[in-house]
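Q: Each chain, written out:
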Amino acid sequence: MLVRLLSGDFPRSRALTVVLLAVLIGLAAAPFIFPGTRSLNVAAKVAVFVLLVASYDLLLGYTGIVSFAHTMFFGIGGYGVGIAMAKMGTGWGALAAGIVAALALSLAIALAIGLLSLRVRAIFFAMITLAVASFFQILASQMSPLTGGEDGLSFRLPELLRERLVAYYVVFGAALLAFLGLLRVVNSPFGRVLLSIRENEFRSEAIGYRIVTYRTAANCLAALGATVAGILYAIWLRYTGPDTTLSFNIMIDILLMVVIGGMGTMYGAVLGATIFVLAQNYLRDLMKVASGALEGLPLLPALLHPDRWLLWLGVLFILCVYYFPTGIVGRLRK
Amino acid sequence: MKRDWLPLALVPVIALVSLPLVGSLPTWVTLTVAGLAMGMMIFMMASGLTLVFGLMDVLNFAHGIFIAVGAYGAASVLTRMSAQMEAQSLASDLSAMVPAVLAAVGLAAVLGWFFERVLIRPVYGDHLRQILITMGGLIVFEQLIHVVWGPDIIPLPRPGTITGSFIVGEAAIERYRVAAVIVGLVVFAAMWLLLNRTRIGLLVRAGVENPEMVESLGYRVRRLFVGVFVAGSGLAGLGGAMWAMYQEQVNAQMGAQVLVMIFIVVIIGGLGSVGGCFLGALLVGLLANYTGYLAPKLALGSNILLMVAVLLWRPRGLFPIGRA
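Residue numbers (my numbering), protein chains in the order written: chain A, 1 to 334; chain B, 1001 to 1324.
No lab work stands behind these hints, which were simulated from the structure alone.
Cβ atoms here follow ideal geometry from the backbone N, Cα and C, with glycine treated the same way.
Check before you lean on any hint, since a few could be wrong.
To be verified - According to the in silico footprint, chain A covers these stretches of chain B (three or more CB under 8 Å from chain A):
1. 1132-1144
2. 1291-1305
Stated by the list, open to error - Far from chain A, by Cβ distances over 12 Å, these chain B residues were calculated:
3. Ser1076
4. Val1148
5. Gln1257
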């Protein structure tokens, strides 16, 4: 049972198992263990970002592709729900239509980007996706009658989803299912081919795998994962806007989470997202204390200023790329 | 090698096609000067990136940091020199501008040297880790800018002699834009002479074409790399300082904001090509201003549409460099 659920990909380390279980239990019981709006928001954000980061890891860690368009797909999910709910009424039909439209659009764009530009070198693909994503961001901010422009869209959901507890478990359940689905993908024969492409694309091609096809498929799957994450985030926030989904800052956040958690390990996404979102929400408080304690010293209080939390995660990120390519998960598995 | 002149015609063609669309000659002149000025500044910011890519096969996602640091360096000097700036004379303006520009270039160059040495050196030849490392550098140094200069946007005064505009015929032309065009042309001419008429330039160009060969002839390509990286960073600093004066403010995100535009310019020009970068920058600058006037909604996306059009015509950019 467990083998099938995890697709045979166990944490393979006692410490990692404990941490993962703690995260799972923490998320599953969040409304009861950590009451309060703020902590429930944090829990929902962790759930959504685990999925978002895991789908990005499929690209970066398993296939060796750097894409900057992941937030675009995240945004398509969010705007799919947002536009449908804001313009078509608050029924289940509208929600379903928005979700289907978002998934279809993401699939089409991912397919087009993949076929057109995955033939070229990694660097070129990174730049093209950056350009496409920024174009999409401009589009979203300019088509304000449809997207609400910079202000974004606030909307109402079907009756049942307005209940916070129900919404939370929908988000958590869907994210968990999608995560297990991604785990299935990377441990399938298809996932093995992706790994072989990452390790040596020339050899994989020589063995007889069409690497463009596999890369494009991975790109589409990752895009769908990000879209689902966007849909869930919109359902949770009941709002969609450029800053919550499309901004380049979120792309940077995703990169930090993938690399710190561990590239090429789906569980890294869980750790990365959890640590990052917790740091985003609680590290500031800690740093405020530290910065206050060092008052009067030169430079140090400025370095530990609560708004500089990203600095330290950035340093951690660089150290991870150099010394721990498989991130925290890799360290725990040693 | 036969010179390829066709892409060069693009600039006058775009300018001439837009003339009847804009409709009035004075407006068109104003827009064209604005576009050329913007293009020159973009060129200064982007040229280092394309050179570094051509020579070292490194695409530096943190290039925007040098731009931002240059802008902050210039701002630090200029805000302390407000006395010289207010005296309406060229000499006193220059006495503030020259140190400001030197500070911008120097700071960015030193940072570039550090960056190459500490961050990029261990990851040569590994594109995936290069992209990740330079992204990490972008995050960390953007935060460090906040630490050093504070989190607020700094308003940047412009010296008196290059503020305001003058009238030619019926067209109002901003002085600053003319100054930017002149500086840009000087930089481009200097770069062109350096690359095409000196021994160092010869080695750099040879290094772009075939680094192993240059190495085997007894030159240290590594040392060239460092020199080009530092020079490219310094240029980005200069471009950043000019860009900041154009916007009349400095903020830490400005590097990341212009990054996409710079990438587009570099792609349009052909990765690694300085001439292509210059041409691409002018095209992007002109188009941004024309569309900003004709169809404001399109203006922000115009450079991306331009990139798509150019890549459909020449998939490797206007002036592709030998090594693919």
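Q: Now, for every hint given, state plainly whether the structure supports it.
A: Right, here's what the structure says about each hint:
Under the rule that three or more residues need a Cβ within less than 8 Å of chain A, the assignment of the region 1132-1144 of chain B holds, with 10 such residues. For the region 1291-1305 of chain B, the assignment as covered by chain A holds, since 4 residues bring a beta-carbon within under 8 Å of that chain's beta-carbons and 3 suffice. Non-interface call for Ser1076/B relative to chain A: holds, since the shortest CB-CB distance, roughly 16 Å, exceeds 12 Å. A beta-carbon of chain A is positioned within 12 Å of the beta-carbon of Val1148/B; the least distance is around 8 Å.
Against the 12 Å criterion, Gln1257/B falls within the reach of chain A, whose nearest CB is about 9 Å from its own CB.
Hint compliance for this structure: hints 4, 5 are not met, and every other hint is.
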